[in-house]
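Please build the complex by placing chains S, R, L, C, X, G, D, B and Y on the supplied structure of chain W, with the hints as guidance.
This is what each chain is made of:
Number of protein chains: 10
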Amino acid sequence: MPSQPSRELTPIDNPHPGRNYEVTCDTPEFTCVCPMTGQPDFATVTIAYVPGLKIVELKSLKLYLWSFRNEGAFHEDVTNQILNDLVAALDPVSMTVTTDWLVRGGIHTTVKVSHPQ
Amino acid sequence: MPSQPSRELTPIDNPHPGRNYEVTCDTPEFTCVCPMTGQPDFATVTIAYVPGLKIVELKSLKLYLWSFRNEGAFHEDVTNQILNDLVAALDPVSMTVTTDWLVRGGIHTTVKVSHPQ
Amino acid sequence: MPSQPSRELTPIDNPHPGRNYEVTCDTPEFTCVCPMTGQPDFATVTIAYVPGLKIVELKSLKLYLWSFRNEGAFHEDVTNQILNDLVAALDPVSMTVTTDWLVRGGIHTTVKVSHPQ
Amino acid sequence: MPSQPSRELTPIDNPHPGRNYEVTCDTPEFTCVCPMTGQPDFATVTIAYVPGLKIVELKSLKLYLWSFRNEGAFHEDVTNQILNDLVAALDPVSMTVTTDWLVRGGIHTTVKVSHPQ
Amino acid sequence: MPSQPSRELTPIDNPHPGRNYEVTCDTPEFTCVCPMTGQPDFATVTIAYVPGLKIVELKSLKLYLWSFRNEGAFHEDVTNQILNDLVAALDPVSMTVTTDWLVRGGIHTTVKVSHPQ
Amino acid sequence: MPSQPSRELTPIDNPHPGRNYEVTCDTPEFTCVCPMTGQPDFATVTIAYVPGLKIVELKSLKLYLWSFRNEGAFHEDVTNQILNDLVAALDPVSMTVTTDWLVRGGIHTTVKVSHPQ
Amino acid sequence: MPSQPSRELTPIDNPHPGRNYEVTCDTPEFTCVCPMTGQPDFATVTIAYVPGLKIVELKSLKLYLWSFRNEGAFHEDVTNQILNDLVAALDPVSMTVTTDWLVRGGIHTTVKVSHPQ
Amino acid sequence: MPSQPSRELTPIDNPHPGRNYEVTCDTPEFTCVCPMTGQPDFATVTIAYVPGLKIVELKSLKLYLWSFRNEGAFHEDVTNQILNDLVAALDPVSMTVTTDWLVRGGIHTTVKVSHPQ
Amino acid sequence: MPSQPSRELTPIDNPHPGRNYEVTCDTPEFTCVCPMTGQPDFATVTIAYVPGLKIVELKSLKLYLWSFRNEGAFHEDVTNQILNDLVAALDPVSMTVTTDWLVRGGIHTTVKVSHPQ
Amino acid sequence: MPSQPSRELTPIDNPHPGRNYEVTCDTPEFTCVCPMTGQPDFATVTIAYVPGLKIVELKSLKLYLWSFRNEGAFHEDVTNQILNDLVAALDPVSMTVTTDWLVRGGIHTTVKVSHPQ
Numbered sequence: 128m129p130s131q132p133s134r135e136l137t138p139i140d141n142p143h144p145g146r147n148y149e150v151t152c153d154t155p156e157f158t159c160v161c162p163m164t165g166q167p168d169f170a171t172v173t174i175a176y177v178p179g180l181k182i183v184e185l186k187s188l189k190l191y192l193w194s195f196r197n198e199g200a201f202h203e204d205v206t207n208q209i210l211n212d213l214v215a216a217l218d219p220v221s222m223t224v225t226t227d228w229l230v231r232g233g234i235h236t237t238v239k240v241s242h243p244q
Numbered sequence: 128m129p130s131q132p133s134r135e136l137t138p139i140d141n142p143h144p145g146r147n148y149e150v151t152c153d154t155p156e157f158t159c160v161c162p163m164t165g166q167p168d169f170a171t172v173t174i175a176y177v178p179g180l181k182i183v184e185l186k187s188l189k190l191y192l193w194s195f196r197n198e199g200a201f202h203e204d205v206t207n208q209i210l211n212d213l214v215a216a217l218d219p220v221s222m223t224v225t226t227d228w229l230v231r232g233g234i235h236t237t238v239k240v241s242h243p244q
Numbered sequence: 128m129p130s131q132p133s134r135e136l137t138p139i140d141n142p143h144p145g146r147n148y149e150v151t152c153d154t155p156e157f158t159c160v161c162p163m164t165g166q167p168d169f170a171t172v173t174i175a176y177v178p179g180l181k182i183v184e185l186k187s188l189k190l191y192l193w194s195f196r197n198e199g200a201f202h203e204d205v206t207n208q209i210l211n212d213l214v215a216a217l218d219p220v221s222m223t224v225t226t227d228w229l230v231r232g233g234i235h236t237t238v239k240v241s242h243p244q
Numbered sequence: 128m129p130s131q132p133s134r135e136l137t138p139i140d141n142p143h144p145g146r147n148y149e150v151t152c153d154t155p156e157f158t159c160v161c162p163m164t165g166q167p168d169f170a171t172v173t174i175a176y177v178p179g180l181k182i183v184e185l186k187s188l189k190l191y192l193w194s195f196r197n198e199g200a201f202h203e204d205v206t207n208q209i210l211n212d213l214v215a216a217l218d219p220v221s222m223t224v225t226t227d228w229l230v231r232g233g234i235h236t237t238v239k240v241s242h243p244q
Numbered sequence: 128m129p130s131q132p133s134r135e136l137t138p139i140d141n142p143h144p145g146r147n148y149e150v151t152c153d154t155p156e157f158t159c160v161c162p163m164t165g166q167p168d169f170a171t172v173t174i175a176y177v178p179g180l181k182i183v184e185l186k187s188l189k190l191y192l193w194s195f196r197n198e199g200a201f202h203e204d205v206t207n208q209i210l211n212d213l214v215a216a217l218d219p220v221s222m223t224v225t226t227d228w229l230v231r232g233g234i235h236t237t238v239k240v241s242h243p244q
Numbered sequence: 128m129p130s131q132p133s134r135e136l137t138p139i140d141n142p143h144p145g146r147n148y149e150v151t152c153d154t155p156e157f158t159c160v161c162p163m164t165g166q167p168d169f170a171t172v173t174i175a176y177v178p179g180l181k182i183v184e185l186k187s188l189k190l191y192l193w194s195f196r197n198e199g200a201f202h203e204d205v206t207n208q209i210l211n212d213l214v215a216a217l218d219p220v221s222m223t224v225t226t227d228w229l230v231r232g233g234i235h236t237t238v239k240v241s242h243p244q
Numbered sequence: 128m129p130s131q132p133s134r135e136l137t138p139i140d141n142p143h144p145g146r147n148y149e150v151t152c153d154t155p156e157f158t159c160v161c162p163m164t165g166q167p168d169f170a171t172v173t174i175a176y177v178p179g180l181k182i183v184e185l186k187s188l189k190l191y192l193w194s195f196r197n198e199g200a201f202h203e204d205v206t207n208q209i210l211n212d213l214v215a216a217l218d219p220v221s222m223t224v225t226t227d228w229l230v231r232g233g234i235h236t237t238v239k240v241s242h243p244q
Numbered sequence: 128m129p130s131q132p133s134r135e136l137t138p139i140d141n142p143h144p145g146r147n148y149e150v151t152c153d154t155p156e157f158t159c160v161c162p163m164t165g166q167p168d169f170a171t172v173t174i175a176y177v178p179g180l181k182i183v184e185l186k187s188l189k190l191y192l193w194s195f196r197n198e199g200a201f202h203e204d205v206t207n208q209i210l211n212d213l214v215a216a217l218d219p220v221s222m223t224v225t226t227d228w229l230v231r232g233g234i235h236t237t238v239k240v241s242h243p244q
Numbered sequence: 128m129p130s131q132p133s134r135e136l137t138p139i140d141n142p143h144p145g146r147n148y149e150v151t152c153d154t155p156e157f158t159c160v161c162p163m164t165g166q167p168d169f170a171t172v173t174i175a176y177v178p179g180l181k182i183v184e185l186k187s188l189k190l191y192l193w194s195f196r197n198e199g200a201f202h203e204d205v206t207n208q209i210l211n212d213l214v215a216a217l218d219p220v221s222m223t224v225t226t227d228w229l230v231r232g233g234i235h236t237t238v239k240v241s242h243p244q
Numbered sequence: 128m129p130s131q132p133s134r135e136l137t138p139i140d141n142p143h144p145g146r147n148y149e150v151t152c153d154t155p156e157f158t159c160v161c162p163m164t165g166q167p168d169f170a171t172v173t174i175a176y177v178p179g180l181k182i183v184e185l186k187s188l189k190l191y192l193w194s195f196r197n198e199g200a201f202h203e204d205v206t207n208q209i210l211n212d213l214v215a216a217l218d219p220v221s222m223t224v225t226t227d228w229l230v231r232g233g234i235h236t237t238v239k240v241s242h243p244q
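Residue numbers (our numbering), protein chains in the order written: chain W, 128 to 244; chain S, 128 to 244; chain R, 128 to 244; chain L, 128 to 244; chain C, 128 to 244; chain X, 128 to 244; chain G, 128 to 244; chain D, 128 to 244; chain B, 128 to 244; chain Y, 128 to 244.
Bear in mind the hints are in silico, worked out from the structure with no lab data behind them. Check each hint, because a few of them may be wrong.
What the hints assert, rightly or not - One-sided and incomplete, this derived list gives chain D residues near chain C with beta-carbon spacing under 10 Å:
id, residue
1, Asn147
2, Tyr148
3, Glu149
4, Pro178
To be verified - Stretch by stretch, here's where chain X covers chain C in the computed footprint (C-beta under 8 Å, at least three residues):
id, segment
5, 152-161
6, 164-176
Quick reminder that beta carbons are idealized off the backbone N, C-alpha and C, glycines included.
Just chain W, same shape as in the assembly (with noise of 0.2 Å):
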């Protein structure tokens, strides 16, 4: 059970492959940190996709976003980078990620990144 945080995603069979539905995984635990001041950032993140061949294996999702706890990162790259690597691993009919971040200067920010464009 001393689980670590990991960039390994692992996809699992689609246990209906030929039917396109679709899945959404929301967290509000997600934090990194502002690559200019070095101070902790917060974050809703917010996963929906229509599977292609895999899903999403949950634990390794709550892995993956723990990883980014410690690491450098503007709002608008990570979120593009999250659909990156879930796109990466799972290889999906389509995918959004949207991020909504707590209040920073008075100014609320939300980044939301879809693939296929």
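Okay, now just chains S, R, L, C, X, G, D, B and Y, sitting in the frame of chain W:
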């Protein structure tokens, strides 16, 4: 009144088969068992459909959902199975089944499956 | 003022018949009786329409909905019947009737019927 | 299953009579008739009590509330009557009955009655 | 049915005068005129009371509140006046009148007056 | 400052006439009189439009809406009239007027009218 | 990780036994069986307490609540039983257990039990 | 109409000085400047009081709050200052001033000051 | 750290210029001055855009919005101006600016401007 | 600006030490590590206090809460520790610290600690 869980879905005649209209049934009273840990999972199930010649009898729907109580079921798989069983029983013009699961590992998951795609 | 429930829907002249516009009437004050158990059911009824030459007089609509109070009615059937009666009385350009029923057997049901389809 | 409305409230033994604890039952499914106009009224009824030696059996409570469906009843009067009937049947340590009525004449009314005062 | 605004509040007999209980009437349909600018003001009025020998007849309450429609009235003054009129008509055990006014000059105001203090 | 209700709507120059953009004005401060009973009605009015060469001056809009205070007006009719008056004064690219009325006879009504259709 | 439901509640040492403070644990993941019909019931359970020398280990609390999954239990009885078991295991300064049950027969029920009374 | 910000609070006669009642004024339109960074801060201000012989004139209250727009002010200090100024101008029976500030550094702050303590 | 309001918007390189994705920034911290009365106005500003080669640096956006604090600005005009300035600085694929203003004269106004139209 | 997490809480002089008033600071930006699994936990922290001679400087409070980011901490223990540290630094008249934790094992936990008890 000593009713039993049952996989039998009772179709009854659609009283207005000549018109396409929408029926939605939702319930927070769905529970099954995680196939990996054996622990209970909980979901809200929403069934939205345009009936063909048959609509579903509500009591049989209740007993059908009850029948998953002690079954091991992955989120994605059981949602597809519920859709498949209802489509087989009712032959609807169209149907969407959505499951919305309580948090596991800090992640909230929903699955949405439609027929026809 | 001793008004009575009535199936008569009073059409009145649309004051702006040359323009398509939308009227929506909704009320949580609908009750009828379950045809199988004889027990009361309760619903919110929403009627949205684009009038033709006639609009519905509100008091007659109230008495019309009251008239179901002691009638046995399945959810799907009564929603279609309300739509049919209103279409017959008003000949609208279009109309949608939605019923949203209080929970029975742990299941919450809505029915939505439109004219023309 | 052909149940009937009934003024009989069935008391059942309190399984923990030696401890003061609170039970609250609420339902939006209450309707009666305005004694002046004969038109239907609708209310949400909330019953909160500390039981004595008896608690109320839920099905009998449902049939009891149903029994007002065709009765003429002023808001203030019927709320007191429900309290009196429940106190007579259960002899609770304390009880509060609240009724919350749908709008009449643009005015929203609630009535709250307690025993003992 | 051609009713008129009226300052007459009609008391009717409290059906349960031997018990202290609470009645609350609230309505968003109150409007009067600003004594300084002549422009309309709007408020939600809430009347909560423990009746003595009399309760207020709802239609007369509606006509009473209507009677302020063309009257100039400061927020603090009219709230006190409504309380005074109701206390004079009903002689309640206790009563609180609250007015909640739509925004003027960017400021939202409420006034709450009780009898006895 | 002794302003008066007025049917005059003051158009002012659109500061960006070369671009289609949306302006929405809404207010809960609309009241008129029921033509059948003489009793007050209350509504929230929402005006959404894409301006042409003119936008509406807000104070004149306020005085315009005030001018209905003592007018008898059916829900459907007055909504059309407000749209017609605003279209005549502003010649917008498009406009939608929605009125959302407080409950009468247990029924909540909204009316939505657009130009052009 | 193949955990099992268990009635064993694991007490662990209160890290600040010299101070009265409040801990609240709530979960919507409680289900048991109606002793009369055999059908599943669902509730949200809230446990609020001021610990004495012990606090409850969260995993054991989860397994404890799981242990009711196939047990027949009346609403009032099971709430008292949960309180009794927790008081026996933890000997808290004070504790309140509340259960909030999904609708049965159109009626929503909550039960709230405290120790000491 | 070219009004100016002003620290003058205009007291006007309480129309019902013989009775203790509550007036509450709140507005989200308060802004001042951080004394350390010179950057704007924003707050909702709520003033609740039981008037003595005087109530506050609303327009003067608006101009008073406006007067802080270019002033440097710590959260705790300005809240006390507003209370002190209002108490000096009105001599109320009692008063509470609450400020609720938009997030700074990820932290949301409120300050609540009362007279008398 | 003694920052100053500034009309300079700092563009920074889009880390993923080859993909169309959406960024949304919103803040309730916008205030300017009414050009007719000199009194403060308050709005929430929302900026949603698909970046081209540049994204906006958040601190410069904050200082930019601050720069309107003492400027006279009509609702419709300032919304267009903010869009124009951001489009000039960032050359986005598309952008929508929405302003949502606190109530003036009882009327709540929003303005929504997009590029390209 | 390269700030660092720090356990140092900076007290600053209370500008109104002669009056008891309440300050509340809350933030959803708290994270620490589960001492048993090493996995991140997340909480909203609320600090409400009546200051004595000192109030807390907000930036130091932010850095203080940040300092728990990589620390192992049980829910009950860390809440007591935060209270103890703040009481040691500020010597407040009274203080309550509440932590509200994201779901673990299906259970939502809050802890509330006060000084003096």
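Checked hints:
| no. | hint | verdict |
| --- | --- | --- |
| 1 | Asn147 | holds (5 Å) |
| 2 | Tyr148 | holds (4 Å) |
| 3 | Glu149 | holds (4 Å) |
| 4 | Pro178 | holds (8 Å) |
| 5 | 152-161 | holds (count 3) |
| 6 | 164-176 | holds (count 5) |
When held up to the earlier numbered hints, the structure conflicts with none and fits them all.
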